[in-house]
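Undergrad: Fit chain B to the known structure of chain Z by using the hints.
2 protein chains.
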Amino acid sequence: MKILLKIAYLGTAYAGFQAQRGVSCRTVQETLTEAATRAVGKPCRITGCSRTDSGVHAKGFCASLETEDGTPVSIPPEKIPVSVNHHLPPDIAVLDAAPVPDTLHPRYSVKGKEYVYVFLDSPTRDPFYEGRAMYLKKPLTDDDVQIMNCAAGAFIGTHDFSAFMAQGSKITDTVRTVFSATVRRVGSTVEFAVSADGFLYNMVRIMAGTLLAVGQGKLPPEAVETIVGSRNRAEAGITAPPCGLYLNRVDYNEPIPWALCSPHTERSERL
Amino acid sequence: MKILLKIAYLGTAYAGFQAQRGVSCRTVQETLTEAATRAVGKPCRITGCSRTDSGVHAKGFCASLETEDGTPVSIPPEKIPVSVNHHLPPDIAVLDAAPVPDTLHPRYSVKGKEYVYVFLDSPTRDPFYEGRAMYLKKPLTDDDVQIMNCAAGAFIGTHDFSAFMAQGSKITDTVRTVFSATVRRVGSTVEFAVSADGFLYNMVRIMAGTLLAVGQGKLPPEAVETIVGSRNRAEAGITAPPCGLYLNRVDYNEPIPWALCSPHTERSERL
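Which chain is which? The protein sequence lines are Z and B, in order. So in our numbering, spot 256 of the first sequence is number 256, and the numbers just go up one at a time. So in our numbering, spot 225 of the second sequence is number 225, and the numbers just go up one at a time.
For reference, chain Z alone in the conformation it holds in the complex (with noise of 0.2 angstroms):
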């Protein structure tokens, strides 16, 4: 058995989630992987679900836990969230922890995900927003919004993503299965909630970008669907930044047996 852990982090002081080589900021995985190993008492180690880019947040990020010895944590997994927290700085949280098999890998076993962009169109910045949301000057009206829902929906189904790919990915196989893909406006910000058996490297953010566009009416809607054909990056709209991106749920092939099993991940959908 080993642990998974469900995490919430503010990314905006992290080079995203995976230690990389050669990058001299903190990243999530080195945090975490340090506060485990103190709050375990041996030497442990993190496997994430996914990298994220630097500056992107996330609500429920899944990770594994295991000690370089292989011998079992000894903490009981409803006690691990706090355990753990009290070494990790106030921008890391474990939310939840479970116990799982050892056959479950904490990447290649994810059946899918769901990432949120924010948009946020109130007529001045907004404090409580800052490195939150991608802020857009000029509001999006109710109107704006239901073309940007409509638009969404050209990603639903199994496509070859190759447009919505960073350039210079080495990804070979780049068709991928979203289930679901909605834009709606939340208060004082709209939010493209998107869903999926996997995402290419920036595929949310030009998701995002592409319906910004046509949200701004520099696309048509009807567009959207013509440019997935093409799988032409050039044909999609912008890389929209990294500070309005949330990686808000993972879901595995088989059920976690969350020991906290804690309405709050639910519940803080919204910020």
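Everything labelled a hint here was simulated from the structure, so no lab data went into it. There is no bait here: all hints are sound.
As the list makes no split between identical chains, a pair holds if one copy fits it or if it spans any two.
In the SDA-like style, the derived pairs of lysine to any residue whose C-alpha atoms are separated by at most 25 angstroms in a straight line are:
#1 79 with 130
#2 111 with 101
#3 111 with 18
TA: Quick look at chain B alone, frame taken from chain Z:
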């Protein structure tokens, strides 16, 4: 005519709104005065609607903007937010501006103010609420919230609120009229909202601490009325920490002709 500003700020980094002698930490007033002076191009004076404590936040603080030499501010009101925001740090923003008669005083012409106190009671701490709520390790049940809401009813009306004033305060007129006082769950938080014609020093934070004691079963709900009647600070609960407190709204004796009349401030009641 002078200009009234509507301001939002994250109070974490500031020693409250008002400039104070002998305090080395920056205040919102100083920061805003410098930014307005740069935007307007001549020395400006900022007068706030109230002091707020170190670490307290605001979503609808009001302050007047005047030039030191008494000449009119040359920027049209609808352009003031963007002009001043350009010179402000990310944790302060001007949301709106309005021309108002010189007889309107940002503090003494106030008809009422609304504060919100936010408790976060998720099973683990949440990076997205760090410095933005009082964290409770033990979640409040729906019954607890209901009992707190009933207890808050005892604040409504005209009372001597001496029991809810920080000891050492020099105020002698301790009678205030509370218009509304409610407690409700909002996602992973529990919010206490209170509006009144005025507030004593630390009044909302002591009210919040007292309602929390009721929710946690340390005080019976009917005790709140008795505490109000006692006029004794020692009878009330703790002074809840400043990070959970937000000045949400200020109303004046006359309607304010806000230039942007932003739906923003209505919409962004929630984080």
